[in-house]
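Taken in order, these protein sequences are the chains called Z and X. Note that the first sequence covers residues 1 to 247 in my numbering. Note that the second sequence covers residues 1 to 730 in my numbering.
In case anyone wonders, no lab produced these hints; they're calculated from the structure. In this text, a Cβ means the ideal position worked out from N, Cα and C, and glycines have one as well. One or more of the hints may lead you astray.
Stated by the list, open to error - Beyond 12 Å from chain X on every Cβ pair, some chain Z residues (computed):
| id | residue |
| --- | --- |
| 1 | D114 |
| 2 | V169 |
| 3 | S174 |
Said to hold, decoys possible - Once the Cα atoms are required to be at most 30 Å apart in a straight line, the calculated DSS-like pairs of lysine-lysine come out as:
| id | chain 1 | residue 1 | chain 2 | residue 2 |
| --- | --- | --- | --- | --- |
| 4 | X | K470 | Z | K80 |
| 5 | Z | K91 | X | K2 |
| 6 | X | K537 | Z | K92 |
| 7 | Z | K91 | X | K535 |
| 8 | Z | K43 | X | K509 |
| 9 | Z | K92 | X | K387 |
| 10 | Z | K80 | X | K509 |
| 11 | X | K535 | X | K470 |
What the hints assert, rightly or not - The calculated label-pair distances, taken between Cβ atoms and stated as ranges, are:
| id | chain 1 | residue 1 | chain 2 | residue 2 | range |
| --- | --- | --- | --- | --- | --- |
| 12 | X | I510 | Z | V100 | 36 to 46 Å |
| 13 | X | L658 | Z | K92 | 45 to 55 Å |
| 14 | Z | I150 | X | E138 | 33 to 43 Å |
| 15 | Z | G82 | X | K535 | 16 to 26 Å |
| 16 | Z | T46 | X | T196 | 49 to 59 Å |
| 17 | X | N169 | Z | D114 | 31 to 41 Å |
| 18 | Z | S242 | X | T114 | 45 to 55 Å |
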Amino acid sequence: MINRRYMAALFFGVLLLLSTFAGIFNWFQGLGGTGEHADVYDKLFTLYWGLGSAITLGIFLWFFWMLSTTQDEEPGDVAKLGVIPIERGDKKVAYAISIVITLFLLLLSSVTFDSIDFFEKHEQYETDESFTIKVTGYQYYWKYQYPNGIEYTSVENEPLRIPVDVPIVFEVTSGDVFHSFALPEHRIKIDALPSRANTGWIHAEETGLYPVRCFELCGDDHAIMMGELLVMEKVEFDTWYSGEVDA
Amino acid sequence: MKRNSIFALGIVLLISVIAIPSFVALPTGIGGDSVNNGCTCHNSESSSDVIVTVEGLPETFAGGQIYTLNISIDGGPEISGENAGGFFISTQLGEFQSIDNLTQILDNGEAVHTAEGNDQRNWTLQWIAPTDDTKSIEFIAYGNAVDGDGHADNEDLWGSTTLTTNGQNYVGGPSFSLDGIAWYLIVGLILAIVLTVALILWKKLGWGLAEIRHWTTTTNHKDIGLLYLWTTILFALIGLALSVLIRLQLIVPDNEFMTGGLFNEAVTMHGAVMVLFAVSPMSFAFANYIVPLQIGADDMAFPRLNALSFWTLLFGGLTAASGFFFGGAADAGWTFYSPLTSMEYSPGAGISLAGAGLVLLILSVSTSTVNFLVTILRCRIPSMSLKDMPMFTWNILFTVILMLVIFPALLGAVLMLVGDRVFNTLFFDPSIDGTTWWLHIFWFFGHPEVYVVLLPGLGMAMEIVPTMVKRTLYGKRIIIWALAVASVISVLVWAHHMFITGIDPTFRKIETIGTELVSVPFGLIYLCLLATFYKSKPDFSKLPLAFVIGAIGIFLIGGVTGVYLSSVAMDVQLRGTYFLVAHFHYTLGSVAVMTLAGFYYWYPKMFGRMLDAKLGWWHFWLTFIGINLTFIPLFGLWDMPRRIYVYQESAGWATEQLLATIGSLIVFIAQCIFAWNFMRSLKSGEIAGDNPWNGSTFEWATTSPPPSYNFEKPPVFESENLDKHTNQEE
Numbered sequence: 001m002i003n004r005r006y007m008a009a010l011f012f013g014v015l016l017l018l019s020t021f022a023g024i025f026n027w028f029q030g031l032g033g034t035g036e037h038a039d040v041y042d043k044l045f046t047l048y049w050g051l052g053s054a055i056t057l058g059i060f061l062w063f064f065w066m067l068s069t070t071q072d073e074e075p076g077d078v079a080k081l082g083v084i085p086i087e088r089g090d091k092k093v094a095y096a097i098s099i100v101i102t103l104f105l106l107l108l109s110s111v112t113f114d115s116i117d118f119f120e121k122h123e124q125y126e127t128d129e130s131f132t133i134k135v136t137g138y139q140y141y142w143k144y145q146y147p148n149g150i151e152y153t154s155v156e157n158e159p160l161r162i163p164v165d166v167p168i169v170f171e172v173t174s175g176d177v178f179h180s181f182a183l184p185e186h187r188i189k190i191d192a193l194p195s196r197a198n199t200g201w202i203h204a205e206e207t208g209l210y211p212v213r214c215f216e217l218c219g220d221d222h223a224i225m226m227g228e229l230l231v232m233e234k235v236e237f238d239t240w241y242s243g244e245v246d247a
Numbered sequence: 001m002k003r004n005s006i007f008a009l010g011i012v013l014l015i016s017v018i019a020i021p022s023f024v025a026l027p028t029g030i031g032g033d034s035v036n037n038g039c040t041c042h043n044s045e046s047s048s049d050v051i052v053t054v055e056g057l058p059e060t061f062a063g064g065q066i067y068t069l070n071i072s073i074d075g076g077p078e079i080s081g082e083n084a085g086g087f088f089i090s091t092q093l094g095e096f097q098s099i100d101n102l103t104q105i106l107d108n109g110e111a112v113h114t115a116e117g118n119d120q121r122n123w124t125l126q127w128i129a130p131t132d133d134t135k136s137i138e139f140i141a142y143g144n145a146v147d148g149d150g151h152a153d154n155e156d157l158w159g160s161t162t163l164t165t166n167g168q169n170y171v172g173g174p175s176f177s178l179d180g181i182a183w184y185l186i187v188g189l190i191l192a193i194v195l196t197v198a199l200i201l202w203k204k205l206g207w208g209l210a211e212i213r214h215w216t217t218t219t220n221h222k223d224i225g226l227l228y229l230w231t232t233i234l235f236a237l238i239g240l241a242l243s244v245l246i247r248l249q250l251i252v253p254d255n256e257f258m259t260g261g262l263f264n265e266a267v268t269m270h271g272a273v274m275v276l277f278a279v280s281p282m283s284f285a286f287a288n289y290i291v292p293l294q295i296g297a298d299d300m301a302f303p304r305l306n307a308l309s310f311w312t313l314l315f316g317g318l319t320a321a322s323g324f325f326f327g328g329a330a331d332a333g334w335t336f337y338s339p340l341t342s343m344e345y346s347p348g349a350g351i352s353l354a355g356a357g358l359v360l361l362i363l364s365v366s367t368s369t370v371n372f373l374v375t376i377l378r379c380r381i382p383s384m385s386l387k388d389m390p391m392f393t394w395n396i397l398f399t400v401i402l403m404l405v406i407f408p409a410l411l412g413a414v415l416m417l418v419g420d421r422v423f424n425t426l427f428f429d430p431s432i433d434g435t436t437w438w439l440h441i442f443w444f445f446g447h448p449e450v451y452v453v454l455l456p457g458l459g460m461a462m463e464i465v466p467t468m469v470k471r472t473l474y475g476k477r478i479i480i481w482a483l484a485v486a487s488v489i490s491v492l493v494w495a496h497h498m499f500i501t502g503i504d505p506t507f508r509k510i511e512t513i514g515t516e517l518v519s520v521p522f523g524l525i526y527l528c529l530l531a532t533f534y535k536s537k538p539d540f541s542k543l544p545l546a547f548v549i550g551a552i553g554i555f556l557i558g559g560v561t562g563v564y565l566s567s568v569a570m571d572v573q574l575r576g577t578y579f580l581v582a583h584f585h586y587t588l589g590s591v592a593v594m595t596l597a598g599f600y601y602w603y604p605k606m607f608g609r610m611l612d613a614k615l616g617w618w619h620f621w622l623t624f625i626g627i628n629l630t631f632i633p634l635f636g637l638w639d640m641p642r643r644i645y646v647y648q649e650s651a652g653w654a655t656e657q658l659l660a661t662i663g664s665l666i667v668f669i670a671q672c673i674f675a676w677n678f679m680r681s682l683k684s685g686e687i688a689g690d691n692p693w694n695g696s697t698f699e700w701a702t703t704s705p706p707p708s709y710n711f712e713k714p715p716v717f718e719s720e721n722l723d724k725h726t727n728q729e730e
């Protein structure tokens, strides 16, 4: 029968969609970041991804079950032209579902709030070695200012240098338009607004070269507003840091 | 006489709207905020005695060339002391360079004298011309002649001068920025559409003056609904074509198909056209046609106001899009974040034209809001109480109430923005945190706007599902209450678009919870819609049902990823990435698919013929697969900034972008099939009859298409259970 065929095809399409979706996210998980933020973020993401996929799957399955109850004879409550339809639906079910969803979301929120406190309350995590780097966004480069007076920009092909294993605070602002300073691998993004200084911090755990990007449309060359973050061994960093001052 | 004067007034208004973007106000004089070194000892008014001259500026400049400028002041008071004068010069393009300690360059690129440099009345500095030599550049120089007595008084005088230099390749007048092949594609496509439409109307349908007169002066709600339909199909095609251009640019890394500027224009106009001028008004095409029929009215409450809504919408969209032909359309993103939209960072008419277009759109929306509210509340047949209204009408009611609340905020925002650009009003001055101010006011509009887009689509789904599965909608009352709650919550959660802009942490937590709570009413609506299928008799061979089921699947993924984004901590990572892009295209894409379902459902009523089913199924599967192929890969690009026109091979984004581009091409092909089906079925479709779907609402109680007065005799609504329905007050 034609109906059944289309039904099967539809199921197949939705299932395909679902599995692709889940697969992509598995792959997403596999990527991972670096540093302390990435650990916190990955846990949070795993929670959301797990619950989200479970709910998506659950609802699709429930819908398939709904479709399996469909029948060939006409149900009694079909609406007729010009006649007020019979009302159906149970208020109590609606209340119950609302309460369940709300409680579930409040639970999620509490996890979220712990994470955002970790991402932003840098005072608690700073050590004696920590320092603040001022980052200013311009069309289309970043200017970095260290506490000891070292100052350079990303157009000079110089990476932003930080020592490994030291919590570093970034104070981000903009010299012209709205930018967003992001270290995607370290899972941190700080909006750069003119006349406003936003702070964020990272705790790099591995040395290496990482991308710095702008995440807010800031003009024609937004795409090439890129820089690099160089996480250095402490000794190397100290040499560079003091060397610049002597020069 | 009266009619003529109104006509004249209209023309004056139209000319002023067109003319406004071409005025450019001068900066805030010599004592303005931008000058904080020197130049403070001056009068409030300039003096014609003081002549400022700038020598060394050529009439035409070469790109990248360095020119030495000599600024001197003649006239003014005698020098009687140490100090003699000061200067200040600014321009939009190129860079000043100081060559001695008498001049300095400020952070914003303007040049002034130093403390050492205020003992004389002429200075020398260099100007490096921009590499782009197709521009015309204006300079403003101020000179201050002081008497040197050590205090500022009326004896110190100042003057100013403006100069212009043109690039060697500057073409006068409104510059057609020929940005290569993509630009020709845009212009070619628009011209092709207009020509094809004109040709079809003239040759195939034998249109003459009478038809033109009819369609330009009609006030019948069904005619206006059709005008809305044709117009929004045109806008949607433009938006779709722009999206294909965007995808073609990103198909491979380091692509040189478009420049950054043109890409930004395409991105901006795709967003603005799709959200504001295509999807939302397309639902109102159906609302115009169907709502009066569903409530048994013979027309809208204010038919002429209805016509006004349509014509302002049309000209609003054309005005906003016309920027392409006047030196570049708006290119700051459809969210128009300040201060990128200011005259300083976005010179040119694009954003002002978009602002003018938006004002016309708001006029259209406001008038149709009033019209629908009065129509729905006052023009129903007496036997239909509010709670008995069909669900599509209910959804339109909530939509127009939301529009009533939010569009004034957009009007305020746009007027302030245009004021800043045209009259230098400084509402969004970055130095007083105008950026955050814009974010607040824009998103107060912008967030509920997505519900304005969504609700009519949901309404269509709620009409189609019960009709196609032969059961009444489960929990109609629950859905109505949920819609009310969702509408209220939606205007309270705008700040989730600004989680990491530095707003108060407590406020942010409130907004997180509020945003998550949006999923409660929508969850209920969604589950009620699915529960309608329980023990029903669905006919899966019907296209409207297929589209609705497709939209249901797409909407769930959009909704679940929306919960991810509502979390303030997740948002730190996901904000501004392709994950976000994929999320909102899943929600808005599902609305688009629901609207397509509406097309298949109501096409027989509007044109009296069915759409071809075979082509329809091709359209369905290609659209469904194409949308998922486009946006599922983009969920993986959680570290790729949105709105970038070029990316590097090493970033590892190429596969996803390629898949997405293929998907978008499939969607585009599918819509071409649909357009072909739409045109073909007008003449050769199967005759539909009055009620092809066995629908139960009143639009099916009249002929297809309905006569201009809608019903032979007004329909009557009967209750099967008369006892239950004796009290009609509700």
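*Kindly confirm whether 33 to 43 Å is satisfied by the beta carbon distance between I150 (chain Z) and E138 (chain X).*
38 Å, holds
*Given hint K92 (chain Z) paired with K537 (chain X) - CA-CA distance at most 30 Å*: 26 Å, holds
*asked:* Hinted pair, alpha-carbon criterion (30 Å max): K91 (chain Z), K535 (chain X). Please report holds or violated.
replied: 20 Å, holds
*Starting from the range 16 to 26 Å, see whether the pair G82 (chain Z) and K535 (chain X) falls in it by beta-carbon distance.*
25 Å, holds
*Is the gap between the beta carbons of N169 (chain X) and D114 (chain Z) within 31 to 41 Å?*
59 Å, violated
*Below or equal to 30 Å on CA atoms is what counts here, so check K91 (chain Z) against K2 (chain X).*
58 Å, violated
*asked:* For the hint 36 to 46 Å, verify it against the beta carbon of I510 (chain X) and that of V100 (chain Z).
replied: Once the Cβ atoms are compared, 22 Å apart, the range 36 to 46 Å for V100 (chain Z) and I510 (chain X) is violated.
_Range agreement (Cβ of T196 (chain X) with Cβ of T46 (chain Z), hint 49 to 59 Å)_ = Holds: the Cβ-Cβ distance is about 52 Å, inside 49 to 59 Å.
*Minimum Cβ separation between V169 (chain Z) and chain X greater than 12 Å?*
14 Å, holds
*Taking only the CA atoms, is the gap from K43 (chain Z) to K509 (chain X) under or equal to 30 Å?*
20 Å, holds
*Over 12 Å to the closest beta carbon of chain X is the bar; see if D114 (chain Z) clears it.*
8 Å, violated
*30 Å Cα cutoff - pair K92 (chain Z), K387 (chain X)*: 20 Å, holds
In this structure, the earlier hints numbered 1, 3, 5, 10, 12, 17, 18 are contradicted, and the remaining ones agree with it.
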